[in-house]
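Visitor: Here the protein sequences come in this chain order: A and B. Here the first sequence stands for residues 1 to 220, where the numbers follow the numbering used here. Here the second sequence stands for residues 1 to 117, where the numbers follow the numbering used here.
It cannot be assumed that every hint is accurate.
[Stated by the list, open to error] Simulated restraints, written as ranges between beta carbons of each label pair:
| id | chain 1 | residue 1 | chain 2 | residue 2 | range |
| --- | --- | --- | --- | --- | --- |
| 1 | B | Q92 | A | M6 | 29 to 37 Å |
| 2 | B | P26 | A | R180 | 31 to 39 Å |
| 3 | B | I65 | A | G94 | 23 to 31 Å |
| 4 | A | G193 | B | Q92 | 15 to 23 Å |
[What the hints assert, rightly or not] Think about it this way: if two alpha-carbon atoms lie no more than 25 Å apart in a straight line, the pair counts; the simulated SDA-like pairs of lysine to any residue are:
| id | chain 1 | residue 1 | chain 2 | residue 2 |
| --- | --- | --- | --- | --- |
| 5 | A | K154 | B | A28 |
| 6 | A | K151 | B | K54 |
| 7 | A | K154 | B | L15 |
| 8 | A | K154 | B | G55 |
| 9 | A | K139 | B | D43 |
Hints are computed from structural coordinates only; laboratory data are not their basis. We treat Cβ as the ideally placed atom computed from N, Cα and C, and that holds for glycine.
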Amino acid sequence: MIIQDMRNLLSANDRIAAGNRERFKRWGAYVVNLMSAPGAGKTTILEQTLAHLHERYRLAVIEGDVRGSYDRDRLHAVAEIPIVQINTEVAYGGECHLDALMIANGIGDIDLPGTNLVFIENVGNLVCPAEFDVGEDSKVMVASVTEGEDKPLKYPLMYSVCELLLLNKVDLATAAGFDRELFLKNCHSVNPGLKIIELSARTGKGVPAWLDWLTSKVPA
Amino acid sequence: MHELGISRSLIDVALAAMAERAVARPAASLQVEVGRFTSVVPDSLRFYFEILSKGTLLEGAELIIDSIPLRTRCRTCAVESEPELPSLLCSQCDGVVEVLTGRELRLVSVEVPEEAA
């Protein structure tokens with residue numbers, strides 16, 4: 001016999017993601033899923049973000065890494081806010097992304113009503129995280145000028161699922177021989193509606209535009 | 001390597017489809033659709049499926065993967081095309097396109113042989 005059953009393979013993930021979304025909504029939180037290649041600057045951007053916003057907003061972070069809590073420690077040095085660390089090597093076979101179940105298990109019984117903004121720092125990877133809804137409101141990616149202009153064409157899915165791109169390390173653009181126009185053209189060929197903010201998390205240049213984008217999502 | 005998680009979902013979904021119909025015999029094959037505009041590598045899916053299906057009704061079943069092309073339609077000039085990844089701009093007018101197919105990641109069917117008489 002042939003059993004016909006057109007069921008989406010990500011339906012289980014999407015169901016759990018809907019539960020996460022419901023939960024974040026009850027807290028009153030806007031949730032940003034931050035993704036990038038390793039080393040693009042997600043954590044440095046979060047350090048800047050926390051430093052600027054932690055006195056105005058109630059923030060929380062969910063950190064995804066294959067192993068270790070280096071990023072959590074860095075962020076805690078900036079602000080004493082709730083940070084949930086998920087290590088995928090512990091129970092998830094060292095997965096290279098976060099999925100909805102990891103977020104649900106990571107939050108567990110933690111209840112943070114009144115939180116305005118939750119950042120999910122995904123595992124550094126330009127392939128797998130693009131495929132998984134984790135219950136966020138916005139998918140935001142970080143790319144850095146040192147990665148090269150061709151990356152939107154090499155990782156089109158990631159570039160196409162995000163609504164905002166933070167182009168980081170612009171202070172290094174000249175040294176890296178970065179062709180800005182070509183990069184922007186490549187970005188828009190895979191995602192015509194992609195919003196791009198150019199910044200340097202190291203020098204702080206352009207960071208206000210990112211903070212403005214965040215505060216537009218979360219009225220103080 | 002997120003194919004590990006997706007293989008696990010595939011097995012869950014297929015076993016659920018069988019259980020809902022009270023089918024408790026080993027499957028011979030599974031048919032799935034994988035769009036070209038997903039980040040799933042078919043060989044990797046097969047590899048994990050083989051390992052994870054051990055000890056279930058799906059052990060040894062053949063995994064048939066239909067690769068679904070990326071098809072788009074231009075929102076401006078309505079031209080449909082099958083672009084080579086990665087551009088999602090219309091080849092005719094450079095307009096923005098919508099994706100018609102290519103994002104599939106789903107089970108289609110499970111084949112279960114009848115019981116021997």
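Visitor: Compare the structure with each hint and give your call.
Guide: A quick look at each hint next to the structure:
no.: 1; hint: Q92/B x M6/A: 29 to 37 Å; result: holds, 32 Å
no.: 2; hint: P26/B x R180/A: 31 to 39 Å; result: violated, 58 Å
no.: 3; hint: I65/B x G94/A: 23 to 31 Å; result: holds, 24 Å
no.: 4; hint: G193/A x Q92/B: 15 to 23 Å; result: holds, 20 Å
no.: 5; hint: K154/A x A28/B; result: violated, 37 Å
no.: 6; hint: K151/A x K54/B; result: violated, 38 Å
no.: 7; hint: K154/A x L15/B; result: violated, 35 Å
no.: 8; hint: K154/A x G55/B; result: violated, 38 Å
no.: 9; hint: K139/A x D43/B; result: violated, 28 Å
Going through the hint list in order, the structure does not satisfy hints 2, 5, 6, 7, 8, 9.
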